[in-house]
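A.B. asks: What follows is the residue order along each chain.
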Amino acid sequence: MLKECWENVQRKSPLVHNITNYVTVNDVANVLLACGGSPIMSDEPEDVEDITSICGGLNINIGTLNKSSIEAMFRAGKRANELGHPVLLDPVGTGASKLRTETADRLVSEVRFACIRGNISEIKTIANGSGTTKGVDADVADAVTEETLPAAVAFARDLAARLDTVIAITGAIDIVADGSKAYVIRNGRPEMGRITGTGCQLSGLCTAYLAANPEQPLEAVATAVTLMGAAGEIGWSHMHAVDGNSTYRDRIIDAIYNMDGEILEAWAKVDVWSNDQP
Amino acid sequence: MLKECWENVQRKSPLVHNITNYVTVNDVANVLLACGGSPIMSDEPEDVEDITSICGGLNINIGTLNKSSIEAMFRAGKRANELGHPVLLDPVGTGASKLRTETADRLVSEVRFACIRGNISEIKTIANGSGTTKGVDADVADAVTEETLPAAVAFARDLAARLDTVIAITGAIDIVADGSKAYVIRNGRPEMGRITGTGCQLSGLCTAYLAANPEQPLEAVATAVTLMGAAGEIGWSHMHAVDGNSTYRDRIIDAIYNMDGEILEAWAKVDVWSNDQP
Amino acid sequence: MLKECWENVQRKSPLVHNITNYVTVNDVANVLLACGGSPIMSDEPEDVEDITSICGGLNINIGTLNKSSIEAMFRAGKRANELGHPVLLDPVGTGASKLRTETADRLVSEVRFACIRGNISEIKTIANGSGTTKGVDADVADAVTEETLPAAVAFARDLAARLDTVIAITGAIDIVADGSKAYVIRNGRPEMGRITGTGCQLSGLCTAYLAANPEQPLEAVATAVTLMGAAGEIGWSHMHAVDGNSTYRDRIIDAIYNMDGEILEAWAKVDVWSNDQP
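Residue numbers (our numbering), protein chains in the order written: chain A, 14 to 291; chain B, 14 to 291; chain C, 14 to 291.
Among these hints, one or two may not hold up.
It does not matter which identical chain is meant; a pair holds if it fits inside one copy or across any two.
As the list claims (entries may be wrong) - In silico lysine to any residue, SDA-like type, Cα no more than 20 Å apart, as pairs:
#1 K80 to P58
#2 K80 to A140
#3 K194 to E228
#4 K194 to A281
#5 K111 to D284
#6 K111 to S66
#7 K111 to D63
Derived by calculation from the structure, the hints in this document are not laboratory data.
Chain A on its own, in the form it takes in the complex (with noise of 0.2 Å):
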């Protein structure tokens, strides 16, 4: 599964369009880059629909959205379903303010999503209607640990058939599930929370495996996971006494430049779940 899903970004360098936070935008579009894919970014909703169409997925984030980008965010998500390209949802911050959860979820009843990618809290929060997010982080209190996975593992597999997509959610243990299968994933650091923008620049990653393997989106995504976790945990490696977290922004992303489906397989720590069990 990873080095065939690896490989086909490769071969493919799919071009994904981001409507995408102001924050975090130059390293989505690096880390596109670095993985092979190729990023193009477009929130004016009389140019989102030629864009889309031109790319081979979307990757739709909330973290800054506005009335003009809220627009464009449906404006582009019908026009991506009309072409099946594969629509990803990163629904940063939803539960945190009126306007964040109500525009998610209006994107999930409108827009037909190949993927939602998020913390517990906001897929939380896309489950329920409503949320304890703390701003753009998980709440403490609904962290998944080890102890909390089978229920977290049956919660996003039972999502995921509810709304016929892929679920991601990424913390300390990530899981990637659709109606009948899971892929729980430990790689990755507990630092990574202190870079900004993680999430987003997996949100990208995942688009483009997505855009790559259109056949197999569980398997996509859990290979997008995988990637930027082993990123973490090796340019992690490659950190120096004086370094923190402005560097190792860049240690990660290096690290999927340098990637290959050998050293991604190298790296993986990849359990399979079906029935909620490992």
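Chains B and C: place on chain A using the hints.
C.D. replies: This is chains B and C only, laid out in the frame that chain A set:
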């Protein structure tokens, strides 16, 4: 002061709402994470009141203001005032255009600021209603030197008294004053001016420090200013021959990430002035 | 030419107004500081005329255009024309959407540009009113090679004559032409295409060079293009085994920061062509 304020930020991990420019926003987010805080960005008028309500402080930066974000600044600022959250103003480029000057003036009239931080030209414009700002940099003619320092401290203290706020004037020599006391800080390096957004980053830091140290706003801001300057010196000591301003940016944020209370005290060059004398 | 143009930028430290995309704007600001200039960003229609008035040049980049910023481009462009400031157009993605193509065409009609800089597909779209841009990258079929170089130089020169501007076509081989002369520049590395925004950065540099060298716009742009390519090679020579595109971005900006006129001349691979021949 320094160690106590630093430890309060670590312990409370304040969530800071930023309405800031899209040029340096990523660095502001990473510096907030580096210092132990947490950032959230939102500038949509219909989103900001909810977002600021879950935060501990609000950072308003007019660097790339537009009609929509200006409305957001007022709505968020007034809501934060109602909730008793500290609000900081970074009047980027006030004096350089009519819109910037008028917006900064209106903000100062209608929102209660815990701190106003800018270069000397920007703060003079706040005081006088007009100025000679050279774009986003201070006019050379305005520069605070050892000779003009007593007059500059008196100016800062008077303005702080008049506006009932903390005034932070940053440059080669930094002044942080309220109506009765001033800190003069000589940390930092001139090369920091060759990086975009060190001032914006500092405004983010000041807001986090204000949020975590509500009983001592003057000391909170003075600590944040010292932290940024000390990080500038520490980061510079980690530079190699081929490094330039882009790497220096990373080195400074990394130094903030690796700071602790003792290191900060060891590097600090802070004098207390009262009655406009050291 | 190279040393003289470089020294003029150091001496005059031109302030450049940028209406540019939010993807690469931070790198554009840092590269302008690295080269000895100074950046200011503003895209609010009611702000841009004041801002551009205090600057030495205007850089218009349509990478993430929206209705408001488009209006700002026209207002700022016309004001800069009135003041005799050089204006540069970077028509990012023209040919990839109706809005981008029409906006670029209208800008070329209504604003007088000192330089239009883009990849070959974008410049062909400027010339022909339509194109085959692959998102924000050049179409492979369009690529300038040693074989197609004479035709490409003739094309650039003819377009420059027709639009009375300097045309800069950048890619593996760079062409900078006015109506009577062309520079062919073979600096740079293919890995620069794996970093987002090296083109945007170059447009910022070109604008600073135009502002500081008003008597010789062709030479100003050729020098900026050579500077970016040389920095790409120097930066690459400072890369280590684990480094990738994110670190490379820093290395290039750092190399511009550490450049001087002699280093630039030593690295330059510049040929003058006249009558479409070397």
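A.B. asks: Hint by hint, note whether the structure agrees.
C.D. replies: Here is how each hint holds up against the structure:
Within a single copy, K80 and P58 get their C-alpha atoms as close as 10 Å, and across copies as close as 9 Å, so both meet the 20 Å cut-off. Taking identical chains as interchangeable, the C-alpha atoms of K80 and A140 are never at most 20 Å apart, the minima being 24 Å within one chain and 35 Å between chains. Only within a single protomer do K194 and E228 lie at most 20 Å apart by alpha-carbon distance; the minimum there is 15 Å, versus 53 Å between protomers. Taking the closest pair of Cα atoms, K194 and A281 come within 20 Å of each other only inside a single copy of the chain (18 Å); across copies the shortest separation is 56 Å, beyond that limit.
Taking CA atoms no more than 20 Å apart as the test, K111 paired with D284 passes in neither setting, with 36 Å inside one copy and 46 Å between copies. For a Cα distance limit of 20 Å, the shortest separation of K111 from S66 across copies, 12 Å, qualifies, whereas the shortest one inside one copy, 31 Å, does not. Taking the shortest alpha-carbon separations for K111 and D63, only the inter-copy value of 7 Å comes in at or below 20 Å, while the best intra-copy value is 30 Å.
Hint violations for this structure: numbers 2, 5, all remaining hints satisfied.
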